[in-house]
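Starting from the given sequences, assemble the full structure and let the hints guide the process.
If you want the building blocks of each chain, they are given just below.
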Amino acid sequence: MLPRMLNLRWSGYVGAVGGTALITAVLAPFQQQVNSTTVALTFLLVVLFVALFWGSRPALVASVLGMFCFNFFFLPPLYTLTIAHAENWVALIVFFTTALAVGQLSARAKQRAEEAESRKCEAESLYTQLQAAFERESEAEAVKRSERLKSALLDAVTHDLRTPLTAIKASITTLIDEARGQSVGIQSVTLDSESRFEMLEIIDEESDRLNRFISDLIDLARIEAGELRLRRRWGAVDEIISTALTRAKSLTTNHNVEVKTEKELPVVRVDANAVSEVVYTLVDNAAKYAPPGSSIVIYARRDPVGMVTMAVEDEGTGIDRHMRDRVFDKFFRATRNGDVSTHQPSGTGMGLAIAKGIVEAHEGKIWIESGRNGKGTRVVFTLPIGDDDAPQDGKAVFGL
Amino acid sequence: MNDRARILVIDDEPQLIRVLRTGLKSRGYDVRGASDGESGLETFSDWHPDLVITDLAMPNVDGLEFCRRLRAISQVPIIVLSAKGEEKTKVEALDIGADDFVTKPFGIDELLARIRASLRRANAPPISEATQVTLDVGDFQVNLESRQVKVRGTDVHLTPKEFDLLIYFIKHSGKVLTHRTLLAAIWGGNYLEQNEYLRVFIGNLRKKIELEATPRYIVTEPWIGYRFDPGS
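Protein sequences appear in the order of chains R and C. Residue 311 in the numbering used here sits at position 311 of the first sequence, and the numbers go up by one each step. Residue 24 in the numbering used here sits at position 24 of the second sequence, and the numbers go up by one each step.
Hint data in this document are derived by calculation from the structure and do not stem from the laboratory. Take the hints with a grain of salt, since some may be wrong.
[As the list claims (entries may be wrong)] Straight-line alpha carbon distances no greater than 20 Å define the calculated DMTMM-like cross-link-like pairs of lysine to aspartate or glutamate that follow:
hint: 1; chain 1: R; residue 1: K169; chain 2: R; residue 2: E227
hint: 2; chain 1: C; residue 1: K25; chain 2: R; residue 2: D208
hint: 3; chain 1: R; residue 1: K288; chain 2: C; residue 2: D139
hint: 4; chain 1: C; residue 1: K25; chain 2: R; residue 2: D192
hint: 5; chain 1: C; residue 1: K175; chain 2: C; residue 2: D139
hint: 6; chain 1: C; residue 1: K25; chain 2: R; residue 2: E178
hint: 7; chain 1: C; residue 1: K88; chain 2: R; residue 2: E198
hint: 8; chain 1: R; residue 1: K260; chain 2: R; residue 2: E369
hint: 9; chain 1: C; residue 1: K207; chain 2: C; residue 2: E110
hint: 10; chain 1: R; residue 1: K169; chain 2: C; residue 2: E110
hint: 11; chain 1: C; residue 1: K25; chain 2: R; residue 2: E198
hint: 12; chain 1: C; residue 1: K88; chain 2: C; residue 2: E221
hint: 13; chain 1: R; residue 1: K260; chain 2: R; residue 2: D284
hint: 14; chain 1: C; residue 1: K88; chain 2: R; residue 2: E147
hint: 15; chain 1: C; residue 1: K207; chain 2: C; residue 2: D229
hint: 16; chain 1: C; residue 1: K25; chain 2: C; residue 2: E110
hint: 17; chain 1: C; residue 1: K171; chain 2: C; residue 2: D109
hint: 18; chain 1: C; residue 1: K161; chain 2: C; residue 2: E110
hint: 19; chain 1: R; residue 1: K169; chain 2: C; residue 2: D109
hint: 20; chain 1: C; residue 1: K25; chain 2: R; residue 2: E194
hint: 21; chain 1: R; residue 1: K150; chain 2: C; residue 2: E87
See below:
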């Protein structure tokens, strides 16, 4: 309320007149007791306040009024506008000059302060607007990125579903044509027993592939939803590796598989099925991306910090350093030349994402390094050896 | 002729090559496979197939680049295998020079029909306006000099643009023609984005030549263009 009143157009002049009148009224009864310096300084105080609150023009009015009141009421001869002594002329002129200067300087300082405040407000407002614009832009960009990601994931999923379906449908339609014993268009269908068997084999393999893809999708969805429950039991690392290698036997017929484990490896308290799945995935990847005849080595050793470190190493072309984190993203696949693509045929593109989920659920870490002599790929993961206090049981996702 | 026609199948999916090799061989075709565009071009140079079937999404040299490079050296029919949702790439492939496409997953009979149509077109004697005055294809008889058109034996009056459009369709019977290809052929390069011109003229042409509401001769390939079937 007060600031609004102070800001009224005429309030400055009212303040100047009122302030001067008030000081005159207060000091006039004591004109004999107070000296001219005290009076002049008190009037200067009025000018200063008026300048600070209302600016230069009301301050000018206060200065002129102050000069007249000072002369009329306080400088002899009293109640006249004449001045008897030369030193009083000096006092009056000094007062007036000082009042003018104080008034103008204070008003200017106030104006500058107001301008600075206004600029600050303007800058803050611009900053807020800019920040809001950036946030909107960044939200829009995030939405776009998310849409692009969704679209890429959808493409990858549909590609992975359609490809085996295409092989199955093409095989089945060939077999149906043959079973009907009729010609298609101008072409008769002639399938020998070997071709018929191959068609059936393709249907079988591609059905398995579809099933694997769907199982992987479900596993990944569970991991992402935080629903992966581990059934931890004490078990030997050698046995886990052996289980994985037995399962991967048909995939590694063209590679030399070697296991290098420390002699005194401790037993670990893990979900053996889940960890075996990790080793299987890494061996499967190594077999896919390393040339036939090359070696795949599985390492396991104890760490001084209560962990077991395992690794699967191949002699392929390796994965570029900047791609090493991305291969753990779902649907990303490393090609044989080390590039990454969502169109690589083999695998579901989910194996490493699932492996990462399993390792992290065990409070371990997984990462990619270069193989020996900087060649090939080594996927390393750690698992805590564990103790009996580790989280117990729950529904095992893997091995059901 | 088709019994021993050579077909080159290019796909990065070994299983698809396997199934097509067996399926097409059982129909009397000679089939070879390649796993990417680069090796496909090599096989093409060594083997000179009569038709090429290629996937679009492949590592290294993809289907589009393969079509581009192949068209630079040969006019062999190309059928592209694509997935639903790849319309843009499909159109690009057809614009580059692919002759037809089959959408995955497909039955072998559908692919065989496309193969037969493409081989028939490739083996048909070229239609030359300089030597040929009349075109007699399926239900259509056209006199190129008098610009008279008969459909199922009945005279049909066409505007000059409709006539040009019909002749272009007849000369490319069975082939998928993209909007851009038709616009460029009939209206010229400045009208490549004017799909509405095409829609209006196709609509008018259909009213004059089709028997039923569902087009039988000028078949729409959604998002791609049109395919002309001259009928029996």
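Evaluated hints:
no.	hint	verdict
1	R/K169 to R/E227	violated (35 Å)
2	C/K25 to R/D208	violated (25 Å)
3	R/K288 to C/D139	violated (55 Å)
4	C/K25 to R/D192	holds (10 Å)
5	C/K175 to C/D139	holds (17 Å)
6	C/K25 to R/E178	holds (13 Å)
7	C/K88 to R/E198	violated (35 Å)
8	R/K260 to R/E369	holds (18 Å)
9	C/K207 to C/E110	violated (29 Å)
10	R/K169 to C/E110	holds (11 Å)
11	C/K25 to R/E198	holds (13 Å)
12	C/K88 to C/E221	holds (13 Å)
13	R/K260 to R/D284	holds (18 Å)
14	C/K88 to R/E147	holds (18 Å)
15	C/K207 to C/D229	holds (16 Å)
16	C/K25 to C/E110	holds (16 Å)
17	C/K171 to C/D109	violated (25 Å)
18	C/K161 to C/E110	violated (33 Å)
19	R/K169 to C/D109	holds (10 Å)
20	C/K25 to R/E194	holds (12 Å)
21	R/K150 to C/E87	holds (18 Å)
Of the numbered hints listed earlier, those contradicted by the structure are 1, 2, 3, 7, 9, 17 and 18.
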